[in-house]
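Asks: Chain B: place on chain A using the hints.
Same order as they appear, the protein sequences are chains A and B. Note that our numbering has the first sequence beginning at 1, numbered continuously upward. Note that our numbering has the second sequence beginning at 1001, numbered continuously upward.
No lab work stands behind these hints, which were simulated from the structure alone. Since the model is a prediction, treat every value here as computed from it, not as a measurement. Glycine is no exception: its CB is placed at the ideal position from the N, C-alpha and C atoms. Some clues are possibly wrong.
Per the computed footprint, the stretches of chain B lying under chain A, defined by three or more beta-carbons under 8 Å from a beta-carbon of chain A, are [unchecked claim]:
| no. | segment |
| --- | --- |
| 1 | 1002-1008 |
| 2 | 1022-1029 |
| 3 | 1042-1055 |
| 4 | 1069-1076 |
Among chain A residues calculated to face chain B with C-beta under 8 Å, some are [said to hold, decoys possible]:
| no. | residue |
| --- | --- |
| 5 | V15 |
| 6 | E46 |
| 7 | L50 |
| 8 | F51 |
| 9 | A59 |
| 10 | K78 |
| 11 | V80 |
| 12 | A91 |
| 13 | I122 |
| 14 | Y134 |
| 15 | E149 |
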Amino acid sequence: MNALATLARRASWWVVIAMTAVARAAGENAAPAERGVSLRGDPLAEGLILFGCVFLLAAAIGVLRFPDFYVRLHASTKLVTLGGLGIFGGAAIAFAPVQQVSRVLLIALFFFLTAPLSGYMIARSGYLRGLEPYREDTSVDDWGALGSEAEAAAQDA
Amino acid sequence: MVLNIAILCLAVSVLLATYRVLRGPSWGDRVTAFDFLTVTLAVLVVVVALRTGYTPFLDAALLISILGFMSTAALARYLLRGRVMK
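Just chain A, with the same shape it has in the complex:
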C-alpha cells in the first residue's frame, strides 16, 4: 500500500508537471489564484472518483486484452460510460466550493451525449464493412448484412 502510494504520487507529479508546462506554453499563468479545490473530508467525492477510475482502468485492460473488434468495442463503450459517471460526479461535488459545477456538468452532458453515439457509429461501420468475429461458432448474425457495404465501397474507390 505504501509503495503504491509512492508510485502514484510520483506518476501524478509527472502528469501535473507536463500539463503545467502545456498551460505555461499557452501563455497562461499556471499558478492557481486560490487552491480552494480540496478533497479533504469529502468521502463521497473520493469514493466516486475511485469508482470511476477502477472502471476506466478495467476498460483499458479490456481494450488491450479482448480478442476481437466487437468485444473491445463493448468493453470501451459500456465501461467508459459508467466510469465517466463516477469521475464527473465526484469532480462536480469537489468543484462545488469554487463555483465550477456548471462547467463540469457541461462536460458531463456532452460526454453522455456523444459516448454511445460514437460507439454506435464505430460498430455500424465495422459491421457493414465486414470485420470478422473471432469465432464463427459463437457469433450470431441476425441481419445477415456482415460486409454488405464492402462491395459498394470497393466500387466507389
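Replies: Structure of chain B alone, referenced to chain A:
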C-alpha cells in the same frame, strides 16, 4: 492520495490505449482505441484540474472531448464509405 491514484490509473489507461492504437490488427481496433483514448484523456484533464486547482483545464477537457467525438465520427464515416461526405 486519492487523486494521485486516480491520475496513475488514468495515465496507465492512456498508455494501454495508445498501445492498442499503434498495434491494433484491424482498423476497427484502432478507431475503438482512439475513441477510448480521447475520452480517457478528457477525464484525465478533469482530474488534473482537481489536483492542481487550476480551473481553465476544464475548458481544455471540453475541447478534447469535442475534438475526440468529431474525429471519431469522421473516421467512422470515412472507413464505412471511403469518404467523409457525399
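Asks: Once the shortest beta carbon distance from L50 of chain A to chain B is found, is it less than 8 Å?
Replies: 6 Å, holds
Asks: Mind taking a look at whether chain A covers the segment 1042-1055 of chain B? Criterion is 3 or more residues with CB to CB distance under 8 Å.
Replies: holds (count 14)
Asks: Under the criterion of a CB-CB separation shorter than 8 Å, is F51 of chain A in contact with chain B as hinted?
Replies: Violated. Min distance 10 Å.
Asks: Using Cβ atoms only, decide whether Y134 of chain A comes closer than 8 Å to chain B, and label the hint accordingly.
Replies: 10 Å, violated
Asks: Are at least 3 residues of the segment 1022-1029 of chain B within less than 8 Å of chain A when you compare beta carbons?
Replies: Holds: 3 residues of the segment 1022-1029 of chain B have a Cβ under 8 Å from chain A.
Asks: Within the segment 1002-1008 of chain B, is the number of residues with a Cβ closer than 8 Å to a Cβ of chain A three or more?
Replies: Contact hint for the segment 1002-1008 of chain B vs chain A: holds, 7 residues under 8 Å.
Asks: So, V80 of chain A near chain B? Judge it on the closest CB pair being under 8 Å.
Replies: With a closest approach of 5 Å, the V80 of chain A hint holds.
Asks: Would the hint on E149 of chain A be counted as holding, given a Cβ-Cβ threshold of 8 Å to chain B?
Replies: 6 Å, holds
Asks: Go through the hint on K78 of chain A and say holds or violated, using the shortest Cβ distance to chain B against 8 Å.
Replies: 11 Å, violated
Asks: Taking the closest Cβ pair, is A59 of chain A under 8 Å from chain B?
Replies: 7 Å, holds
Asks: Against chain B, with CB atoms and a cut of 8 Å, does the hint on V15 of chain A hold up?
Replies: 5 Å, holds
Asks: Report holds or violated for chain A covering the segment 1069-1076 of chain B, Cβ cut-off 8 Å, minimum 3 residues.
Replies: holds (count 4)
Hint compliance for this structure: hints 8, 10, 14 are broken, all remaining hints hold.
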